[in-house]
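In the order they appear, the protein sequences are chains A and B.
Our numbering numbers the first residue of the first sequence as 1 and each following residue consecutively.
Our numbering numbers the first residue of the second sequence as 115 and each following residue consecutively.
Keep in mind that the hints were calculated from the coordinates and are not lab data.
Each hint should be verified, as a subset may be incorrect.
[What the hints assert, rightly or not] One-sided and incomplete, this derived list gives chain A residues near chain B with beta-carbon spacing under 7 Å:
1. TYR32
2. ARG95
3. PHE104
4. GLY107
All values derive from a computational prediction rather than experimental measurement.
All C-beta atoms, glycine included, are put in the ideal place defined by N, C-alpha and C.
The lines below spell out each chain.
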Amino acid sequence: DQQVKQNSPSLSVQEGRISILNCDYTNSMFDYFLWYKKYPAEGPTFLISISSIKDKNEDGRFTVFLNKSAKHLSLHIVPSQPGDSAVYFCAASVRSSNTGKLIFGQGTTLQVKP
Amino acid sequence: NAGVTQTPKFQVLKTGQSMTLQCAQDMNHNSMYWYRQDPGMGLRLIYYSASEGTTDKGEVPNGYNVSRLNKREFSLRLESAAPSQTSVYFCASSAQLAGGTYEQYFGPGTRLTVT
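Next comes chain A alone, as it looks inside the complex:
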C-alpha cells in the first residue's frame, strides 16, 4: 500500500503564476515531511521540510503547508520560474525510528512555461 501519494502525475503553469503540488499520506506516525526536486539525469535534491508541530514553513519562493487532520501537505511555489521545471517528490518519515528512512510519493512533474 502506498503510504505517501501524489495523485497528480503532472502540472503545467505559466511563468510568474503559482504552482501548487499536493501530497497525501496515510500513516499517522509520520511526523516529518520533506520535498525533493529532481532534474533529469541527476539525483534528487532537498528543497524544504516541515515538522508535524508546524502547519507552515516558508523558504523564499517555496512554502510548504501541512494539514494533519486531513493528512495532506502541499508545496506552493510563487512566483514560478522556468528553472523550477522538474519532478517534485514529497517524502515522510518517523523521527523516532532514528534511521532517517524516508517514504516517497510517486512524484509530480512540473512544467513552467515561459
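Put chain B on the given structure of chain A with help from the hints.
Then chain B, alone, in the frame of chain A:
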C-alpha cells in the same frame, strides 16, 4: 567535496548476470540508503544502513543484497539480474540533524537495463 558518488553511471546486463553497484560518501554520514526509481512508482527503498555494521530491508529488498563495507561505502549487489530490475538506482546518505530530523543527500544515479 564530492558528496555521494555512484559507479557505474550506466550498465546493461543479460538476465542471470550479476553485478555490484558501488556508492561512497565523503560527508561522514552514519546512514546510507539504496533506492530504485521506476516510472509512476517514485523512489522505493531497497535497503538501508542506519549505521556502520548494520543493514536492514526496505520496501523492495527481494533480489538484492547489500554490504556496508565501512562508514563511507555501501554497495548493492544483484546476484541474478532479472528484467524487472531494470531501473534507475540511487544511493543516498544522511546525518541526524537537530530535533531528530534527517536530510538525505543523493548520488547521481545508475541507470541499469536488464535484457
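Now for the hints, and whether the structure bears them out:
{"no.": "1", "hint": "TYR32", "verdict": "holds, 5 Å"}
{"no.": "2", "hint": "ARG95", "verdict": "holds, 4 Å"}
{"no.": "3", "hint": "PHE104", "verdict": "holds, 4 Å"}
{"no.": "4", "hint": "GLY107", "verdict": "holds, 5 Å"}
Hint violations for this structure: none, all hints satisfied.
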